[in-house]
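Enquirer: Chain by chain, the residues run as shown.
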Amino acid sequence: MRMHGWGRYPVVEAQSQAPATESQTAAVLAARAGQPLIARGMGRSYGDSALAPQVLDCRPRHLLLDFDAAKGVLRCEAGATLDDLIDVLLPQGWFLPVTPGTKFVTVGGAVASDVHGKNHHVDGCFSSYVIEIELMLADGSVLRCSRREHPELFRATCGGMGLTGIILSVSLRMRRVTSAYIDQTTLRAGSLAEALALFERHAGATYSVAWIDCLAGGAKLGRSLLMLGEHADAGGLAPLPKRSRTLPVDLPPQLLNRYSIGAFNALYFNKPREARQRVHYEPYFYPLDGLLHWNRLYGKAGFVQYQFVVPREAAAALHAIIARIAASGRGSFLAVLKMFGPANENYLSFPMPGYTLALDFKLEPGLFELLDALDAMVLDAGGRLYLAKDARMSSATFQRCYPQHTVFQQVRREFGALGAFASCQSNRLGL
Amino acid sequence: MQKILIIGATSAIAEAAARRFAQRGDALYLLARNGERLDHLVRDLKIRGAASTAGAQFDANDFARHADVIEQAAASMSGLDAVLIAHGTLSDQQACQADAALALREISTNALSVVSLLTHLANRFEAQRAGSIAVIGSVAGDRGRQSNYVYGSAKGMLSVFLQGLRNRLQKSGVKVLTIKPGFVDTPMTAAIKKGPLWATPDQIAQAIVKGMDKGSDVIYAPWFWWGIMAIIRSIPEAVFKKLSL
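If you're matching them up, the sequences are chains D and F in order. Heads up: the first sequence at position 17 corresponds to 17 in our numbering, and the numbers run straight through without jumps. Heads up: the second sequence at position 22 corresponds to 22 in our numbering, and the numbers run straight through without jumps.
None of these hints come from the bench; they were simulated from the model. Don't take every hint at face value.
Chain F residues, not near chain D, derived (Cβ > 10 Å throughout) [as the list claims (entries may be wrong)]: (1) Ala74; (2) Cys96; (3) Ser132; (4) Gly156; (5) Gln170; (6) Lys171; (7) Arg233; (8) Lys241.
Heads up, simulated SDA-like pairs for lysine to any residue below, C-alpha to C-alpha not over 25 Å straight-line [as the list claims (entries may be wrong)]: (9) Lys242/D x Gln23/F; (10) Lys46/F x Gln92/D; (11) Lys194/F x Val12/D; (12) Lys46/F x Lys194/F; (13) Lys271/D x Ser171/D; (14) Lys71/D x Ala51/F; (15) Lys210/F x Asp83/D; (16) Lys46/F x Pro239/D; (17) Lys46/F x Gly72/D; (18) Lys46/F x Ser78/F; (19) Lys46/F x Ser171/D.
Going by beta-carbon spacing under 10 Å, a handful of chain F positions derived as facing chain D [unchecked claim]: (20) Arg48; (21) Gly49; (22) Pro187; (23) Thr189.
Beta carbons: idealized from backbone N, C-alpha and C, even for Gly.
Whole structure, please, built from the sequences with the hints as guidance.
Expert: Next comes the structure, spelled out in structure tokens:
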């Protein structure tokens, strides 16, 4: 069947197998006859990191295995979704310790991409809360890895894009909450410098993220709405009723252009809003999950999401990159700016102390030339690109972004993963 | 709190129904062929809020053990209020046409094993003068078609068997529900190309739980299959035999 990631680019012909148990998973690995394969969950990585001619679908292994209600430690199969974890555990007073911008991802995928959330500057990545992983190696054997047991395999697997083995189960420390609501504070920043200053000033906030207008240039360059959040202490733990809309068809790609998006951005930025309000976690963390298949917004050709980080001292480079994007007129209305906290020890984890920007680009002629130019600016600033979003960076760019790739490969070699686990992305990156 | 036995518990539809039972705090006893998956499901449903969960590995075609496993389930939960029978295999029609033994095995798994289980369960419920029996049939049992009449005839047999059982148990206050799902996107149907008529296992599960709670007799799931099958049943045989459905 034809398969693609969330950005719907690239599309490859893939065969998928969906084992429901550990022994069935081992049987799939035993039968691969020299062909590499890659684990896949909900298919929410944007590019080609969960794409390959042979795919192992982890979704049937989605059961919850143990929950210590005193400590908030959950062990679950890798295919369990964050959505499901919230449904089951929030009524008991537990929330995800770290969540990306969609809850429709698997726990295994969250580990493999070592995802981050709006609290990265204080709480770190998803892997910070992972206690232990059960990993099936290429030969079908199962290893438990943690910071104590096989620590190098743990560091390679967290953020390792599924290239070390098949994650069977994950033990995860949840976060105690007393409410399903978030107290949100919205601050306006008229320029990039103002936005960065606000991030620094509110570095103690649990959650912080900014929507940024990537089409505004000149004095307005980088104008943003900074949204801070704290878990509320009241409002109850009840989930919102499940009521999602879907985008049933591809929209014509011409619909989103610099004029329509520019108009949207101006309206959104200037829309009168309460500086402080109490909002449910759904719209706060997952504003796009309410519209299923929103990736059809960009038309049939698809889109790429470009996410990079530059070090804190490279604010000037960040300004130059945004100016370059604004000048190109290609930026989208879904652009997000965030300040990161410290990096972790994982070999391929994305975050580093600094500023990250994520935005969508509709796929069209000339786009990759622009992105190549942006890559060069990011690299010169000492930054890097996020593998979970990537569909097109070069092997040379990857190697400069991730200097620990050689250690990563050593660990893969040691545990027999080379030639057994590969994605379209890993082939492109030379892993 | 209901004490519910689920047979074929690791099937996608049964799992979705079990989640709904667990969420409202029912006690569950699970029987399934795949012991590894069963063990995980027992753990899962406990975390989701089931009052208690337990289970045993089970082979539907091992008729001799049926009385024992039902006894064990009832003993484990100290009673039995309801049963959901959900096990089955989607027969390979072409293979069954070439192999009589295979055809008989499919009939055994999909129909005879259910007859055996229901005989034990019906007597138990009749004696306690209460209870609820729900069995997953199929729209395929409403009319034989060349593309899957082995599977269809097994499900059709269940349909008639359950009619009779419903009639018999009516006076004892025991409810008998036949669920007839249409196309459902499950691992059992993974090889088939999906279209707009396809439902998710949870949609079927929702209909099952609602039907059991209301004490319904026969439900199509999703509901629109009632209309589709009414039309299909009404086509004269002389015409129907010439169609390629």
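Enquirer: Next, verify each hint and record whether it holds.
Expert: Status of each hint after checking the structure:
no. : hint                : verdict
1   : Ala74               : 25 Å, holds
2   : Cys96               : 25 Å, holds
3   : Ser132              : 26 Å, holds
4   : Gly156              : 29 Å, holds
5   : Gln170              : 37 Å, holds
6   : Lys171              : 41 Å, holds
7   : Arg233              : 32 Å, holds
8   : Lys241              : 35 Å, holds
9   : Lys242/D x Gln23/F  : 16 Å, holds
10  : Lys46/F x Gln92/D   : 13 Å, holds
11  : Lys194/F x Val12/D  : 20 Å, holds
12  : Lys46/F x Lys194/F  : 33 Å, violated
13  : Lys271/D x Ser171/D : 43 Å, violated
14  : Lys71/D x Ala51/F   : 21 Å, holds
15  : Lys210/F x Asp83/D  : 24 Å, holds
16  : Lys46/F x Pro239/D  : 20 Å, holds
17  : Lys46/F x Gly72/D   : 15 Å, holds
18  : Lys46/F x Ser78/F   : 17 Å, holds
19  : Lys46/F x Ser171/D  : 17 Å, holds
20  : Arg48               : 6 Å, holds
21  : Gly49               : 8 Å, holds
22  : Pro187              : 6 Å, holds
23  : Thr189              : 12 Å, violated
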